[in-house]
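From just these sequences and the hints, can you work out the full model?
As a plain string of letters, each chain reads:
2 protein chains.
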Amino acid sequence: MLVYIDLGDVLNLDAKLWPYFQDGLRRIDYVLTYHVQKPQSTHKQSSKSCLCCGFRREQKNLPAHEDPELAAQEQRLDYHEDDQRLRREEFEENLREMGLEMEKEEGTKLPGVGFLKIHAPWDVLCREAEFMKLKMPTIKVYCLINSIAEKVNVFIQKVTAPLQPNVGENQTENEKPLSYPFSREKQHLFDLSDRNSFFDSKTRSSIVSTSPLRKLFCLHSQGRFKTQSMLYEWKLNRCSRMYVILVLSLQILYEQWASYSIFYKYQPIGLVRKYFGEKVGLYFAWLGVYTQMLIPAAIVGVIVFLYGCATVDDNIPSMEVCDERNNITMCPMCDRACSYWKLVTACGTARASHLFDNAATVFFAIFMALWATMFMEHWKRRQMRLNYIWDLTSFEDAEVRNVKLTCRDRMPAYMTIIVMMFFLIFVTLAIVFGVVLYRVSIMTALHMSSTPTFRTNIRATVKTTAAIINLIIIIIMDEVYGAIARWLTIMEVPKTDKSFEERLIFKTFILKFANAFTPIVYLAFFRGRIIGRPGKYLYVMGSYRMEECAHAGCLMELCIQLCITMLGKQLIQNNLFEIGVPKLKKMLRQRKIDKKHQEELNKTLHRHEKDHFLGPFVGLNPEYMEMIIQFGMVTLFVASFPLAPLFALLNNVIEIRLDAKKFVTELRRPIAVRAKDIGVWYTLLRGISKVAVIVNAFVISFTSDFIPRLVYQHMYSADGTLHGFVNHTLSYFNVSHFQPGTEPMQPMHLGYKVEVCRYKDYRDPPWSATPYEFSREFWAILAARLAFVIVFQNVVMLMSDFVDWLIPDIPKDISIQIHKERNLIVELFMKEERGKKYRNTIGDPSPQPLRSRPSSQA
Amino acid sequence: MLVYIDLGDVLNLDAKLWPYFQDGLRRIDYVLTYHVQKPQSTHKQSSKSCLCCGFRREQKNLPAHEDPELAAQEQRLDYHEDDQRLRREEFEENLREMGLEMEKEEGTKLPGVGFLKIHAPWDVLCREAEFMKLKMPTIKVYCLINSIAEKVNVFIQKVTAPLQPNVGENQTENEKPLSYPFSREKQHLFDLSDRNSFFDSKTRSSIVSTSPLRKLFCLHSQGRFKTQSMLYEWKLNRCSRMYVILVLSLQILYEQWASYSIFYKYQPIGLVRKYFGEKVGLYFAWLGVYTQMLIPAAIVGVIVFLYGCATVDDNIPSMEVCDERNNITMCPMCDRACSYWKLVTACGTARASHLFDNAATVFFAIFMALWATMFMEHWKRRQMRLNYIWDLTSFEDAEVRNVKLTCRDRMPAYMTIIVMMFFLIFVTLAIVFGVVLYRVSIMTALHMSSTPTFRTNIRATVKTTAAIINLIIIIIMDEVYGAIARWLTIMEVPKTDKSFEERLIFKTFILKFANAFTPIVYLAFFRGRIIGRPGKYLYVMGSYRMEECAHAGCLMELCIQLCITMLGKQLIQNNLFEIGVPKLKKMLRQRKIDKKHQEELNKTLHRHEKDHFLGPFVGLNPEYMEMIIQFGMVTLFVASFPLAPLFALLNNVIEIRLDAKKFVTELRRPIAVRAKDIGVWYTLLRGISKVAVIVNAFVISFTSDFIPRLVYQHMYSADGTLHGFVNHTLSYFNVSHFQPGTEPMQPMHLGYKVEVCRYKDYRDPPWSATPYEFSREFWAILAARLAFVIVFQNVVMLMSDFVDWLIPDIPKDISIQIHKERNLIVELFMKEERGKKYRNTIGDPSPQPLRSRPSSQA
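In the order they appear, the protein sequences are chains A and B. Counting in UniProt numbering, the first sequence runs from 1 upward without gaps. Counting in UniProt numbering, the second sequence runs from 1 upward without gaps.
By construction, these hints were calculated from the structure, which means they are not laboratory data. Check the hints yourself; a few may be wrong.
Same chains, same names: a pair is fine if it fits in one copy or spans any two.
[Said to hold, decoys possible] Lysine to aspartate or glutamate pairs mimicking EDC-like chemistry, simulated, CA-CA at most 16 Å apart: (1) K104 <-> E89; (2) K690 <-> D801; (3) K831 <-> E97; (4) K831 <-> E130; (5) K536 <-> D705; (6) K158 <-> D82; (7) K135 <-> D200; (8) K176 <-> D391.
Predicted model only: the values in this text are computed from it and were never measured.
Spelled out as structure tokens, the structure:
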């Protein structure tokens, strides 16, 4: 093992801030923790060095003779412990062989916890950086282009200056060092004067965490490397926690990122990436872009909503409903208990539903479909820009291709998915059906009681309570489904961590998505459509009639459901699960330590010992999942609820800072992972935005009254206006055709004898040749609805594709700069070539002039 | 300049086969030709060396004093000549600076033609290969995996042995050399014992053609490099032709590839790539995969067609049409001249249309949509496999990103496209309308003549002649549109060659595609739909009634049109344009040389001088374009013509060998271009296969009678069969409602007085309350049609996406081997590391043992 003594004199930073080995010279790049058996007090002093292991092994059976049962248990524990220790030793041996240096610290202050501190010497860092083809900044600096676009950018930056975080990295940089994959043969290209800071802490730690893996790949590459590497990958990722702390930058992150008071500012993404690695950086960048893009969507949504409010008094159909002179008697809403009712009593609902069902809604649905495409494109460009700034343009994730799932790999996944889907469909439908039954029975019961004031509020009460019940079920089932997905994935025993993650995401997504959207889909497309007609109602469970919609369609209820789900889910999940639960866990973890010790410990503990009490980093998947479901809410049913983007925006502004706080203060520092993109989540987003087009087409044409109104205006209206529309939508029913036993108990409830009542459907009147058959209008409107779906779907898809094609994936300036960088590298090497040739010609073998030349150019 | 004398002794090949400089040592890697002024006989001897230029410059004004006009013209020519020569000299200077060696040969045997032979010395080759990051085989050889899948492969290979071309490269290779980007610092990894064959001729020539460009990039990278590089790129690509000939492999290619007698064999793609480069290799590989995939499609298509033939006698609707007892009188097909006719006369058409309009057609449309997806996936996998075999996995086309078009770049393209589209729509519609008028007028005229035998064949005659006229127009306009697209693109002055190509492809595609498909779209979706109804027909151009379809729908005519277009287009374009025209051109070119010299020249000419008479390589775009249009024919309207894949298959089997012959014998050897994929053509294929789903959905639901039959069976039929369907589709018309002057001149033509005639539409009868309005059945069937479109489109798209997801893009064995290769490289370097360490420890500074070590492993 080589020790670089010369590293010491370079360090001029406060030694307290940087964690070092006990010699104070070698920096800690990585800390692993493991559980050790609580040592008996007699062995305590021996646990400091690695020799302890051998010592303990000899002693392990000494106290076992006293109590047979206890002894057996202890032996089992000991055996387990022993096995783990052996593995650990093998693992440590591997690390040592790779050239890494280690220091152990077992149970000094925290009993039962061992720390293995790892330091990567300079030559290991260089070697691994070369293998990983890490792009590092060279000494060659070049100017960024200074075109008009650039000047506009500068202007924009000046205007948005108050929105920029105050981290001293946002000055308009006109220079960028040329980056080149690190290679020891080309060392002269890089500025190695400060070897200690050439690789930053994130890079060092990720080098340390991947280097043993590489070794294993080499050793076992002939055959069975897969399982072996998996084993170690597993060990590394499951058992190890990494927390090299740069207190300095954490403070900045805390002040300039994880604070609610600066919610209106951009995030310091560069710093986040420097501290947490590219993967986390990309998540927050994505969240930022999403939130930013929600601003225009929210504004347009509010305008659409206000347009609805402003035109509510000019809306002819709701005026007709509210007009007392149109003395329309409606058929009863339920058997026996309910009686005939006057259409005018639905006046409030009709007016309210206009807010969400007007011409602007169609525009908004198209707008949001294009918005989704724009968002995707915008993100792609942002990602490309970040890739350029973070020097990832030529980085290729070797592992991605490796674990690309093939057909056969996927087969077990198919099986579980199929089984799961059946189970899921059953459970979800059962829940929805249960809520429907609740509504129907409560409604009937309420109708039975004859308090008139109570009755008027019946509908609103039932709707709201049902929506709240749905919400509670959704939130509970969300957690349950998360656990089920995890359990199913573990059952599958996937080969690698990556495939585990991929499958888990897939399952969780399906389950949670279905859970969140089944009640909404039921409300939007099935409620009130399968009720039959007066005299021939559809009955379920014996005598329950399927529920009808209020006069103005089910759109209103859909709105209420969406509103409650979005607000409630976000509030409860944010507050309870994201803030409450971690705090609780931290408290529990700290309680394990004796109370008396705790305070004194807090003062003397090292940073990495303190961090042991923090929660482990469980990956970004829950965060992404939450956002994806929200994205679904925003895009899928936006035609029925234009305020969804506003709600999402308000939530996300808080969410960013909440997540930031969690990452900075509540969690152990995650291993920095390099990533070029957000991976499978982008695919899911694309999928959702495609489905959204179809769903919105159906919502507009089938759930809203947009198409019937249009058809009435152009085919049936006498004067081209909507006058008479309400009458046109109502069919006639002869009350003598009620099935025996279903007619209302109080037929005289309205004060007069009803002979013909009306119901909302397009059917032939009782006096026609084909009574109660679907009328010609029904088929014409159905054809119009379907035609609208086809036109809407294809036009919007075409427009999306066009927008996709129109906006280049790579921003112009970035593509120019990438090109320029490439030319500069060629130029650099061409000069070197000429230098070589020159040297060869004049016969000077010394490489010195060449090596120093680039630095003089910088 | 360095001359490698030692190159000579390595050469042990027949010097006649390889072209060399006059010293017989330096190999010719690249030949440029240029036009020189025919030297006066006095200067002839001086034209051999480069000094001639200066000599001629001095003399250029000597003969100009005699005739002022001639002198001025000559001067202009001379000036032009002079300018060109200066540019050439600058260009040559650049080449020389890059280290390339040249030899000039001006007008020795061929007057007016100069040859510039270029040789790339070893160090230039190495330098450029390093810059281009060319992956070269190392001395390390590894075994390919030998799993069960591999054994199955071996078995398959044995079975298909007779189908393999006999080129000695298809033996089951169990070993593959590990490839690594060439680097002079890692020379010890490569087998450089035979420097002459380390880089093959294709690589050498592409190195020579890109190296001057690189230099220019460097010189001008600060600012105006773009125009400069463009200029040289232009010069190189426009003015230079490259034809280093490997006679040996050409002979094999000629025998084992470009021969019709081996049409059933696979192509020797590896050889094709070795000789023509990756881009051409990919084209032929793609064509091969496409042709191969057409086999199952053709088989299923034939089965579907045979199913139609077999069930034609069981088809109730055509039986009803042919049944004499159903005495149905139809309304006249045209005004005045035509009379009433009996439905039974349409018996033949009705029976024939069943061949293409039955339940199997729907299945076939779905099958073909999935087939298209499978084809894409299969190609992606094949491409990946080729990338792996050809060591392109990590090759990144630097230029692609460079010319990625941004919004602003595209603006001129938008403008011309918009203008063009309007022009195109006008022209194409005019043509279609012209053909329609032709048909209508001929039909009326033929009806006027009262020869009964003639009349029965009227429909068939008119249909066929119209289809042939359409075909001729399509073929003529195809050439015209090609020229227009080229002209428009040149007008745009695109910045680089690549963007020129991209825009040209885009324009040509739009124009040719529209040209080929407009008549078909008209037939499929518009013909017979905008005719009005009896008594209220739609008239165009004064008195021409829009044409009606025959009883069995327009599907039959669509079939005829498709059949004639496919057969005719392929036969004429293949035979005339691809074989005839090049032959003609070659003859013309050779005629320029005096006849008497020609024969003796043929014997003495060098290979590169002979090749001067061959046609230039104009790119692969015309070939791809032809295939894309064919792919459109195969997928877009496959629901109406299940034999399309068969026709395409027959054509392509010939096409492959035809193109091969052309490449081997008719064209100059193209510059080898590296490419990873087929680029924009893949996007176009994807686009077509997406559009095909929608088009087929509409063809099935609107052009065929599939949906009306289904609706009749389930909603209106008394016994659930199709009995009575024909009667149901015909509406009634009271002949007294004819507009005055439009009633038939011979009302008693059928021998009895007609009071009510029938026509094909769903309208209320004259005796209903709303006579001639669309009936309830019309709307119901329309709704069913539209619903079918929605269901078909979304289900098939979902299935395609599912198939896409199901089939991994990278074949399992390839992904394993790529992974293995990566590990082997890491292992190789790890061993080297350890070797270094060892050396450092024992203090041996000699690099010799390390360098020789890898070779002992091989």
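Results of checking the hints against the structure:
1. K104 <-> E89: within (12 Å within a copy, 72 Å between copies)
2. K690 <-> D801: For K690 and D801, the Cα distance is within 16 Å both inside one copy (11 Å) and across copies (12 Å).
3. K831 <-> E97: Between. Shortest inter-copy distance 13 Å satisfies the 16 Å Cα cut-off; intra-copy 40 Å does not.
4. K831 <-> E130: between (23 Å within a copy, 15 Å between copies)
5. K536 <-> D705: Close neither inside one copy (24 Å) nor across copies (34 Å); limit 16 Å.
6. K158 <-> D82: For K158 and D82, neither the intra-copy (63 Å) nor the inter-copy (55 Å) Cα distance is at most 16 Å.
7. K135 <-> D200: Intra 13 Å, inter 32 Å, cutoff 16 Å: intra-copy only.
8. K176 <-> D391: Intra 11 Å, inter 33 Å, cutoff 16 Å: intra-copy only.
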